[in-house]
Structures are given as C-alpha cells and as structure tokens.
Amino acid sequence: MAHKQPILDTSPKVSDEIRQTTCYMCACRCGINVHLRDGKVNYIEGNRDHPVNKGVICGKGASGIMQHYSPARLQAPMKRVGPRGSGQFEEISWDEALELATDWLGAVRKSDPKKLAFFTGRDQSQSLTGLWAMKYGTPNFAAHGGFCSVNMAAGGLYTFGGAFWEFGDPDWDYTRYFMLFGVAEDHASNPIKKGIGKIKKRGAKFVSVNPVRTGYNAVADEWVGIRPGTDALFVGALIHELFRAQQIDLDYLIRYTNSPWLVIQDPGAADHGLFARDEEGNPLVWSNEAGGFGSGKVSDLSASLTGTRTLPDGRTARTVFELMAERYLGDDYTPEAVEERTGVPATQIRKIASELAHVAFKEEVIIEREWTDAWGRKHDKLIGRPISMHAMRGISAHSNGFQTCRMIHILQILLGSIDCPGGFRYKPPYPKQTPPNLLPHGASGDIKPEMPLGGPHLGFPHGPHHLLLDEDGGPNRLDKGFSWDAPMSAHGLMHMVINNAANKDPYGIDVLFMYMANMAWNSSMNTPGTIDALTKTDENGDYVIPKIIYSDAYYSETVPFADLILPDTTYLERYDCISLLDRPISEPEILADSIRYPVVEPDRDVRGFQTVLIDLGARLGLPGFVDDNGAPLYPGGYPDYIVNHERKPGVGPLAGFRGKDGTKFGVGEKNPDQLKRYIENGAFWEQKFDPEHAYFRHANRGYLDWGIEKGIRLTPDATIFQLYSEPVQKFRLAAEGHGDRQPPERARDRIRTYFDPLPFWYEPMEESMVDTEKFSLHAITQRPMHMYHSWGSQNAWLRQITAQNRLYIHSSVGERIGAKDDDWVWLSSHQGRVKCQVKLMDGVNPQTVWTWNAIGKRRGAWGLSDDAPESNQGFLLNHLISELLPAGGGGYRYSNSDPITGQAAWFDLRVSIEKADGDGKTEPFFEPLGTSTQKPSPNKVAFGAEFRRKAL
Amino acid sequence: MHPAYSVILFTTSSGAGYGLLFWLSLAHMAGRLPGGAMAFIAVALALVLITAGLLSSTFHLGHPERAIGAFSQWRSSWLSREGVAAVATYIPAGLLALIWLIGAEAGVTKLLALLSATGAVATVYCTGMIYGSLRTIRQWNKGLTPVVYLALAGATGALLLGAMMSIFGAAADWVGVVTLMSLVAAGATKLAYWRQIDADPGQYTTEMATGLGGEGGSVRPLDPPHTKPNFVMREMGYQVARKHTRRLRRLSVIALFAVPIVAVLIAVLASGGAAILYLIATLTAGWGVATERWLFFAEAEHVSQLYYGANRA
Amino acid sequence: MTCLPKQTDKKLGLVIDLDICVGCQACATSCKEWNTSGYSAPLSDHDPYGADPSGAWLNRIHSFEATTAKGVSKTVHFPRSCLHCEEPACVTVCPTGASYKREEDGIVLVNPDTCIGCKLCSWACPYGAREYDYDDGVMKKCTLCVDRIYNENIPEEDRVPACVRACPTGARAFGDLGDPDSDVSKSVAARDGFNLLDEFGYKPVNKYLPPRINSVQAAPAAEEPAAPDGSRLEKLFAWADKALSR
Ligand SMILES: Nc1nc2c(c(=O)[nH]1)N[C@H]1C(S)=C(S)[C@@H](COP(=O)(O)OP(=O)(O)OC[C@H]3O[C@@H](n4cnc5c(=O)[nH]c(N)nc54)[C@H](O)[C@@H]3O)O[C@H]1N2
Ligand SMILES: Nc1nc2c(c(=O)[nH]1)N[C@H]1C(S)=C(S)[C@@H](COP(=O)(O)OP(=O)(O)OC[C@H]3O[C@@H](n4cnc5c(=O)[nH]c(N)nc54)[C@H](O)[C@@H]3O)O[C@H]1N2
Ligand code: SF4
Ligand code: SF4
Ligand code: SF4
Ligand code: SF4
Ligand code: SF4
Ligand SMILES: [Mo]
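Protein chains in written order, with our numbering: chain W, 1 to 952; chain C, 953 to 1265; chain G, 1266 to 1511.
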C-alpha cells in the first residue's frame, strides 16, 4: 500500500510581530527578538545586530517565555498582616502602598537619613538608584558589587584603569594563548562563549586555571586544577619564571607603567614607600638621557628601570621594577616552593611560563596601522603580544582576591599584553585613571536631615583621608564600608547589611529598603542567621529592623520577610536603561548602551520599580525629583527620566540619539524622540570608533581626546599602570602610626600585613583561623550556565535541567569516606552543617568539593510544591558560610571578606565531610514559607499548543 | 524496558486466545473437537481473549481512535503485520463462531479452521517479531523470541482447551498429551532463551555510543541532561535487580510449567477431577505467563541506556 | 511511507563539535522554545512545578568524564538529538506510516496527525532520540526544524535549525552531509568526524567532531640551578640594563 509523504507547510508564519528589546534572564544584556503571536510571547531569539550577543542566545535567554509567564509572579502591592516569614499578606492599592512608603521614608529623612539602608541586588539602574539615595541623603546605599566581585573591579581599576568582570575582553580575533582563571560563567555570558568558540576554531591555546573541570574549563586545552585560594602563588611563580628567563616586555614597562618610578626607601618615615615626587607632585624617574631626575608622567623612554638613587633630599629611592623583581624572584615564588600548596606541578608551571614567553615574544601580532600615543609619538604599527587572560569569582571570592587579581594584571603587563592586539582589551568607557578619580561620599559630617549627600556613595579612596568615618573614627556606613574594616570597599558590603542592622553594629536602622536581591536566601552568608536577623525582636517584641520594604517581581524567599512589597514587572513589561553611567554594554571597538521597553503590557497590578522609585522621590520631595515648586520632575516615570534627566549638561542616561534631531551622541541636548529611536534601532545604540583608536587606549592620543569630547573620560592624560599601588601603601603607613587618621589598635596588624603595595599571596582569612586538619577540604560553588541565581527554579523548562544539586567530590574523597554516587553526607564548617547527596568525579582538585550555586530552595517560594527536589534534596552552601570570621586576637569578629575591599569571601570556606545515614532529605530543613496571595501553580504546561502549525 | 500492564495483558491474553484457536481448529480438522455448545464456547472464548488483549493494547496508545492507520504499513512493520494478521484471523474464526452458534452444519468449517489456525500462528509470530526484530534490545533480538511467543501461546492455549473439554466432560487423553507436550516444549524454549540471553553480555558500550575514551578508555556519565527521569529513561531504563529476576524466573517456571505439567499429568493418569486439575493448571499458568511476560520486559535492556549510565547493552 | 526511500536527494543534518561544546543548554532550550509552538507543538511538561518535573525535549545535553587508556581524563559535554539516520528502524517499525524519512532531504519526521502513539519507534531508536508526549499522545522528535530551514517568512540567514541559530560557541553546524563539498562535509573530513554507535548500522547522518588537542610547543625554560635570590636579581638587572641601553 503506497503511502504518500505528507506535504508540509515549510513556510508557516512564525509570529504576528517581532519586538526587539534587551534580555534580562541574566545580567549579560543581550539583544533579543521577541516574537508575539495573538498578543502572547511565542518565541525569543538573539538579535543578530546587537553588539553583545550578535545573534546568539543562551540557555536562559531562550527560556524567557517560562519566566515571563511564571506562576510565581507577584500580582499586586502587598502589606504584611501576619508575622514576618508567615507569608500572610493583604493586597493593597498602589496609592496605599506608595503613601505608606512615603510615610516611613519621610519620617526617617526628617530625623536621621542614616536610618535608611537602601541596597539593591541585580540592579541595572544603579545610576538612578544611586542618585535617589544620594538625594535622599543616606550614606547607606550600595548594589551587589561588594558581595559579587569588587575585588576584580578594584584590583583592575587601581592597577590599569580597566577590569575583568564584563569591563574588558580578550582580543578574541587575535589572541593565541588564553588563560581563564576561576570562571564558570561570568556576566559576559554569551560573549565569552562566542569567544571561546572562536579561539578554539582558530587553534589558539586555551589554559584553564580552576579547581573544577566543567563547562568552559572542560574545553580548555590544558587544565590547571589548582587548589582554591592559591592563584597568587601560581601566578607569582609564572612571574618568577618570566623574570628568571628574562622574558618580559621592558619597552612596554617603560612606556606605560610606573615600573621606572622611584619609591622612597626610608623605613619609619611617614613617606616611606611612597613615590618620590617633584614640586608639582609628579613622580620621579631617573632619566638616563637627562642624566638626572625626570617626571614619570612623560613616558621618558630613557628612564632607568633599575638602580638605587639618592634623592635631592639625600634619601634613597629604588625603582618599582627593582622592588617587584626582588619580590617575585624571591624563594617564595619558585615553582618548587608553590608546587605543594597550589597542587600545580613545578614542571607544569615552567611549561606554561615558557609558552607564555614564546607566544608573547616569538608569535607577536603586528597590525600595520598608524596611531599616535599620548605623548605625541607616531607609530606605524600596532605590536601585539597575543596573550589574553580573564578572571572572575574564582579569584575575587577569596579574601586574598584583591592582591591576587592585581598579581594577574602584573603578569599581563609584564608580557605587554594590555590593550594590544591579541591581548586583553578595554571596553569603553574604560580605561579610567589609576587610581580612579571617583571618591566615596557619606562621612559623618555629610549626613544631615533632609539634605542630599555631597556626591555619589561609592568610589575609590586614595588613602585614609577618603575613608567614611564617624566622629569617633568608626564606620559611618551600616555595612562598615570605607572604614578600617574594609578601607577600599569600592562597592560596599551588601552581605553585611542585615546582620549589622540586627546587631545594631555599628548602629540600628528604621527602614531597610531592598530591591532585587534575595537576601533571605542565596545572596546571604549564613542564611539561617540572616533569617533570624530579619525576624529578630527586641525586649518589647518589636522587630529590631522595624520596617522592611522590598521590590521583587516573583515570590522569592525574601518576599515573606518584608512588610511592604512593591511588585515589579517582568523584564518584557518595562522600561530599563542600560547606561554608560552605570555598567556599560560596550564592546572593545564599540561604545554602546541600550534600553528595555514594554514589549507586552502587564496583566497584573504591578509597576516597574524605577518608575515607582521616581514616584517616591517626588512624593518625598527629593531634590532632582521635584522642580522648584515641588512638582514631580518626571511625571512620566522612568521613560520620562531616561529621556529628560541630565547628569551634566548634555549628558544623560542614554548616550545615543542625542540632540534635537538625534544626530549627536555622548554629549547633546535632550531628544524627545530618543526612546523611539532606540526602539527603531533594536533597543540599543552603538558607535563604532576609529580603528586608530582601537588599541593602546590607555595611551592613545586620538582615543583619549575623543573620550573627553564624548564625555566618557575626565582627563586627557594617559592612564599609567600602577604595578606598585601608592594608595595601598598609604593605608599601611597609617597602620604604622603615620598621619592623623589612625586605625583602631585591633586593625593595625591586619592593615600592615595585607596592605602591601606590591601584590603578594597570603593565606585566605578563614583558612588561617580554623583548624585545617579538621576542615581539610575547600568548598566552592559554580554557576550553572542555564540558571541565574535563584530565578531559574520557577522556570518550568530550566528546572527540569537542574531541579536538585549534588555535592561533587573527587573520587578519592568518595573512596576515603566510603561514599558512592547519591549517598548522603554531612558537610560541616566552623559555622554549621548541611546534609546533602554526593556525586563522584575525577575533574576536580582532590582537596575541593563543590556544588551548583542557588539551586537549593526554601519550601513555599517560587511557586514550587512542597515536595519539590529543590527544597527536599537541594541545598545551599550558604548555610555553612559565616558572614563573620572567627574571633581573632582581641575578640573582634571581622566580616568574612577581603580585608582591603570588603569583598565577600564565599570561596574561602573550609569543610569536613562524613557519610550520613541514609534518609533522603537535606538539612537544615526549613519550615515552608506561607503565602496568602499567590495562586496555585498548574500541574501541566503545554505551551504553544494553540500555535501548532498544521501539516497540510 | 518498562513492563506496561496493558502490553503484558495484551500479549498473554491474546497469546492464549490464539493458542486456543489454534488447537481447537486443529482438533476440529482432526474431527476430535466435540461439537455443539462446547465448540462455540471454545471459539468464542478464544475470540474474547484475543479481543480483550487487542483492546488492552490500545490502552497504551496515545491515540486509539486513529488505530485504523496501523494496518497500513504491513510491508515493513511487524506491528502493522500483526494488526493485519489479527484482523484477517477474525474472519475465519468469526465465521466458525457464527456457524457453531447457530449450529449450522457446513462443509466449510474445516477450511475455516485451517485458516484460523494459520492466522493464529501468523499473528502470534508477528507479535513475537515486533520484539524479536528490535536490534536495540539484545534480550529480544533473538531467533528464539517469536518461537517462545508461539510456544507459550500454544501451551496456554492447549491448557485452555483441555480445561474447557474437561469442564464439558469431554476430557480426552489426546488433549492431555498435546498440552503436556506443548508445556514441555514451551518450558524448554523459554529455558533455552534465558540461557541465551544470559550468555550475551551485550556488544555495545558507552564508549561506542559516545565515541569517547578511545581505544581501551572508559566513559562515565557526569551529569544527566535532566535531574528527573524523562520518557526514554522511564520507558527503556526500567531495571530489576538480579536477585529479584532469579526469584521471579523460578516462580514463573513453577507456575507456568511445573505445576501445570504435574496437574495435567495427574489429570491424564488419574481418573476424575480433571476439570479441577485443568483449572488449577490454567490459573497458575496464567499467573506464570504474566510473570514471564513481565520479566520479558523488565529484563530487556535498551541500547539507549548507554547514554544514561549503562555501560553495556 | 514506512519503507525507507531508496535514497534521498540530500542528507541534511547537524555536525556537533565536541571540542567546543561547553554544555550551556542554549541549543536544548532554543529547540524546546521553537518546537513547542512549531511543527509538532506542543512539547508538554508534566508536574512542571512539582516533585517530578519532566517533559518532551528534542535535544538533550549530557556530560561525561572520559578517561583514555593512558589515564588522561576529560570532561565532555554531549548534545544528543535525532541523528536522521539513513537506515533507521524507527521508521520501518512504525505501523501507521506516521514516521517517515523525507525523500527530498532525508529528514526523519513524525506526522503528528496520524501517529497513534504506540511508542514502537522509540523502542527501535538506539539513540533514545524519540520522546513521547504523554499529554499530546504522539511521538515527538527532532524535526531538523523543517519549519525553519525552508521558511520564507524568516530571513534567509536564519533558515537554519533553532539550535544552530542559538549556539553561542558555534559548536553546531547544519548542512547537506550528502554533498562532499558542503562546509559540514568538509569539516567532518578534516576533523575525523564520527558516527555515534557506528557499529549499530543505522548510518546516522549527524556527525560528531572529537575533542582535539591544541598545544603551543615551547621549550620549557631550563630548570633553575639553585641560585640565591641575589644572583637571580643581579642577572635580571644586568639584562634589563643591557637590553635598554641598546
Ligand atoms: N554560596 C554562594 N552564594 C553566593 C554566590 C556564590 O557564588 N556562592 N554568589 C554571590 C553573588 S556574586 C551574587 S551577585 C549574589 C546574587 O544573589 P541575588 O542578588 O540575591 O540574586 P538572585 O538570586 O538572582 O535574586 C535576585 C532577586 O531578584 C528578583 N527578581 C528577578 N527579576 C526581577 C525583576 O525583574 N524585578 C525585581 N524587582 N526583582 C526581580 C528575584 O526574584 C530574586 O528574589 O549571590 C551571592 N551568593
Ligand atoms: N548562568 C549564570 N550566569 C551568571 C550568573 C548566574 O547565576 N548564572 N551570575 C552572574 C553573577 S552575579 C556573577 S558574579 C558572575 C560570576 O561568574 P563566575 O566568575 O564564572 O562565577 P562562578 O560561577 O562562581 O565561578 C567561579 C569559578 O571559580 C572557580 N574557583 C573557585 N575558587 C577558585 C580559586 O581559588 N582559583 C581559581 N582559579 N578558580 C576558583 C570555581 O570552580 C568556578 O568555576 O556570573 C554572572 N553570570
Ligand atoms: S546571556 Fe543573559 S542576557 Fe544574554 S541571552 Fe542569556 S540570559 Fe539573556
Ligand atoms: S536517531 Fe533514532 S529516531 Fe533518529 S533516525 Fe536514527 S533511529 Fe530514528
Ligand atoms: S508512536 Fe507514532 S510514529 Fe512511533 S511508531 Fe507509533 S505510530 Fe509510528
Ligand atoms: S534541529 Fe531543530 S528540532 Fe532538531 S535539535 Fe535542533 S532545534 Fe531541535
Ligand atoms: S548551544 Fe552549543 S555549546 Fe551550548 S550545549 Fe548546545 S552545542 Fe553545546
Ligand atoms: Mo555576582
């Protein structure tokens, strides 16, 4: 019986309409085409023209439909009616919600603005939230950077005016040797994947330095399965080898770095270890040509890299280069000396060092292209050392991360590989000055009722005089940022806010206002302790943190702990602005920013948070949010603000399509059609720049001038790389007793030890304080590529991929404790213990155990049923991570953070492991969170059935 | 393989039905089948069992209402062939039933019986071949698979015939002998089958399935694609413990062969009580064949499981 | 149609580069997203917010640890979907003809309007590439995005499978493996592309490219003679002075 092949409609209509916007399934901010059919989102793909993702999409982005239609979405503003955590809420109107918030916030502002703590998590509108907090006048504002990766930002910005994170990229087109340190996913999610694909196809070598071999690290050509927290030893040994083999780019060092600068050698003096300077304050070098001292700022090619000099005042000074060589050529950094601690064989270190040297100096990339350097010297070609490096939280989430990050930058710079062809490239508006000239604000004198702060909260102190202290020299910020506990905490310490507030250390607050941060769960250290802090009551039975306002879009673990919920929209329902004033989306050759706009209208009583914040600003009468008559400046909400707000004349949130007719960019008058132009352009704007400006931008005359013209740079001076960091030394000098700002006694030693102007390795704090025989293993987490922190588990598609996490252990550990796949174990730290299931593997450092981050969920949240694997078998490592270090000498407990930047040291965790008796449930096991307002989740999803394209 | 109850019921019930049809047809051709009500009830029972089986097999279909389409692909598909054979067998068997129901004497009954018997064999052979032809499952992909199906259908059918005849007081030694012979034959084929599958370690490995590990290397799953089992894992990843298997095999040998053989033997040798003995034999055999069929699925290992942790299939 | 075509005009298929795949799941979710409202819509999910979430997916990403005979271990991410075999029994066993291999391009498809959901085809597939949709009652499988690759309603450059369009690393390529001059055939030839379970004999059209080894061959710096810090430094400084005075 012949059967005819059916005739198919191979050209079915895909959708009624495509709207282009910006993805927010993670912070990477790719461009997406959202297909709509019958008013419903039916397909999301990457936007081919978009500078970030150039058409591709990731596992999360392609699951946006399930996020957008999640049953866990909040429905309306809510007021808490039961105890915190009970989930007893009453839905209220927006008017009531905003009045309530205005009452609470207004009262605090009138009495003591410090009593408001406003912290935002996955914020992409920090330039607005920061401005709002500044105008409100509280010092207590920060976003997530402090618990995220401030070590990378600070380490990079203090060193070379750029940073890893998503602020720079390997030169994927030319690089021949790529080293990736401690990255599982990173913010530049799609760009890194594209880049890795690109270099692998080209046959460039990819070396991964990571205790775990999965994901990106699985496709590396060479895996360095390092022991956590020891990267600075490994990198130090590479530097040692390069020095020893005399394989460094001396010309690059002289041109672009402070390695010829002279450092005063006068132990005990107030300026010991600072740069010798001339009257104008220019650092001194020894100029061979002039046969005398010269300025370090003029890039004198005859400056001497070596030699001890006698300064005009008779004291001696030595070059940075010599100090550096002395440190890294020392016996501490020989490959043999670091082999055992790092777990990296000396032979492998030597091999990598010689490969680096080989590629940098024998395989240099030359691009014939004219350019002019900052000092007016013309060059006819670009010489590239095709070595690139990238690093993120594997480095930053340790308490020695700042110094380790700086050490990696030093390695890059010694090889001459910053912003050269094949090297690491800045993304504009980077590079900035070193040290950056943005200073923190919020010292005690600055805080007055109903007065704005004198400037932005966050910045980069150049020394003790920039700390934000109270009258007694104690911290003025609730999170103790910019105090002696964490002097260079450029992003604040969000992980300390709740616990400090509950302990009234340094002081209590009246209102905690949070946005988009799941602080009652995965973004806190010591989650059980944080939950206690949120519900802690005083002797009268009142909550110690009296009022909590929170904006979330979904029923997360934090929602039930708030008193007032301001429900946000999903990312497809609102305006957003991804601004150059905040975290740019630029690519190395492209200046770019972007927006989101409502591609579908909300079907619930929810409002975009930014619009709500602007409304609150107006209700509170904050300067900048109301005009002279007290009328709202931006009655149209966030879109109104995006178009009409100006930071400086002609500079607003969006750089593109400025000027009356939309033809200007960077600086230009407001354009009422700006958003329309963005929407027409695919929700982004980009400006490719002159190829002459593509490299060496820290010292590229054309680029520097262009940057000033376009408002993205503040000075025309070159950015000179600070291999030796003077601001760091200034803190050390204070600890040694110099200057009028003195650390408390308990902090002196700590600062003297860790504030070394030249990067060095030290044992991570927790490791140095706990019994490492007992807690013999390191415990770390990785991000799954298909999950974004806690959001993914409400996604019907993504949670099928990972509904439960296991603890991955090396086969030898399994053997030692007699555990097989899926057996239950107890994992203990000095903080507590967790029960979980194991999975054995070979591709992990034998002294390390790890798990996927934020898969464990609390029952009752995210629209999941009480028997969901996420809450019954899944677990969080956070329960084991203490927010405080054990008490040291003097009994003071410092934050579990980098002593320099305050970066949360998530990955310092030390644990012990033992087999547990089998009952199949995780511990600690939390009471289910209640909910009185959320609708039950469906037990079946058959999305798209209505769109079936029939066969003919 | 996941032992779906609908499929177990289908193959065992229709197998017994076809076996009964086969023997009664043969008996009729040989002139040994008592006429009257007995003949009708026998053929009707066969048809009921067959129909119950076929109906139950539609329970596991996603779209039973489209089942008609399943007859179309007899050129390549054993399942389709089975459908065609089953339907084709209904015609002579149905006519036989009709003729015997109305008690008409017709010369064609022998021809109809011949066709019914052939149809029964063909249908059961097709059923066996649905499984036997699947190279993805080494336990099934054996020459013995359709033979076992035929032998078991024959044995259970013979038992039914014997039971019926004894109930109708028409017990005859020849039925006993046929039953015994078919039970012994079925037992022997099944044991041979088990020996054969136990001796076959499987020729495919995870290394082949993934192309990884190279010569002499090994491959181990790290993470499955999804946390919870998917269709393929549920359907093809069913596993029973070795110990459990051995026990069940023993039980099914006892219930399906040992007890019935003894019972029938006694029935043949002793005088009287045949009906009870046959009934006992039939019931235990029914239970035994269901166990056997459950095992047939549960023991079957599917090549696709190489991607999900099996290292050989 | 259950009988296989004698030959097909083209052999369209995918080439998956295991050397590059990082296991990001983009191809899996993009596939789900496209196909849940596509040719064989929907791809249903059961207990999506409960204890045992599962659903129909046409592409799944495994990860394996492979150890060579020499003890070298590697983690490999491994996407797996229908391989559009040349001689697959998944087609021939189908009683209804719902399962068929297209003459024009070799794509193996299930007709969702005639499939009775007997699941036999899934038993016949050694690769576990067919997924039954319990809710819809029909078999689902990779369609090679037959409703994209010829679709005149989408821009020409996008007429590739959703998974290929999505893949951020470029580990997936689509083309005619029957044409030795196609890009995909050339990369298979150049990279020793292989068949999964070749021994089984279904002749998969999709090919996999093995992980490869890239290395920079630089002579490692000689091991250090046990020199004291001081002399190491002196040597470096002398070198630097000399190098710079040139
Ligand atoms: N153990 C361990 N813990 C860690 C880390 C680790 O590596 N290991 N990483 C740390 C790091 S770097 C970070 S950045 C933090 C991240 O931790 P969080 O900043 O808490 O990030 P999310 O879990 O994504 O939660 C953000 C909240 O935003 C809500 N949300 C989602 N979309 C929207 C929206 O559109 N509007 C609003 N208003 N809310 C929305 C979510 O529902 C969720 O409640 O976790 C930290 N915690
Ligand atoms: N899919 C997805 N993407 C995300 C996020 C997400 O939740 N999901 N979160 C976003 C956020 S907020 C952030 S901060 C970024 C972070 O992105 P990543 O920096 O990639 O962060 P992690 O996933 O924590 O990966 C840390 C890596 O460091 C390794 N590691 C741990 N300790 C050490 C060490 O001492 N040395 C070395 N060399 N390696 C070490 C771990 O094994 C792990 O591979 O990702 C962003 N992108
Ligand atoms: S990387 Fe992030 S922003 Fe880009 S598509 Fe994926 S989820 Fe969306
Ligand atoms: S992979 Fe499986 S489903 Fe696809 S054609 Fe081959 S046998 Fe059939
Ligand atoms: S499930 Fe559908 S496609 Fe598969 S064999 Fe049965 S009828 Fe054919
Ligand atoms: S070709 Fe289409 S159907 Fe097949 S795996 Fe890729 S996206 Fe899925
Ligand atoms: S999208 Fe590409 S890299 Fe990601 S899992 Fe699929 S094939 Fe691998
Ligand atoms: Mo982060």
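Check the hints yourself; a few may be wrong.
[Unchecked claim] Derived DSSO-like pairs (lysine-lysine); straight-line CA-CA distance at most 30 Å:
#	chain 1	residue 1	chain 2	residue 2
1	G	Lys1500	W	Lys362
2	W	Lys79	W	Lys201
3	G	Lys1271	W	Lys297
4	W	Lys362	G	Lys1507
5	W	Lys13	W	Lys940
6	W	Lys839	C	Lys1094
7	C	Lys1094	G	Lys1468
8	W	Lys351	G	Lys1468
9	W	Lys201	G	Lys1271
10	W	Lys351	G	Lys1451
11	W	Lys820	W	Lys915
12	W	Lys676	W	Lys648
13	W	Lys915	W	Lys774
14	W	Lys351	W	Lys201
15	W	Lys378	W	Lys688
16	W	Lys921	C	Lys1180
17	W	Lys915	C	Lys1094
18	C	Lys1094	G	Lys1335
19	W	Lys660	W	Lys648
20	C	Lys1195	W	Lys504
21	W	Lys536	W	Lys79
22	W	Lys351	G	Lys1335
23	W	Lys4	W	Lys40
24	G	Lys1451	G	Lys1271
25	W	Lys198	G	Lys1500
26	W	Lys664	W	Lys688
27	W	Lys201	G	Lys1507
28	W	Lys201	G	Lys1500
29	C	Lys1195	W	Lys921
30	W	Lys351	W	Lys297
31	W	Lys40	W	Lys54
Rather than coming from a laboratory, the hints here were simulated on the basis of the structure.
Worksheet entry | List of violated hint numbers, smallest to largest | Violated hints (numbers, rising): 2, 3, 6, 8, 9, 10, 17, 18, 20, 23, 25, 27, 28 and 30; every other hint is consistent with the structure.
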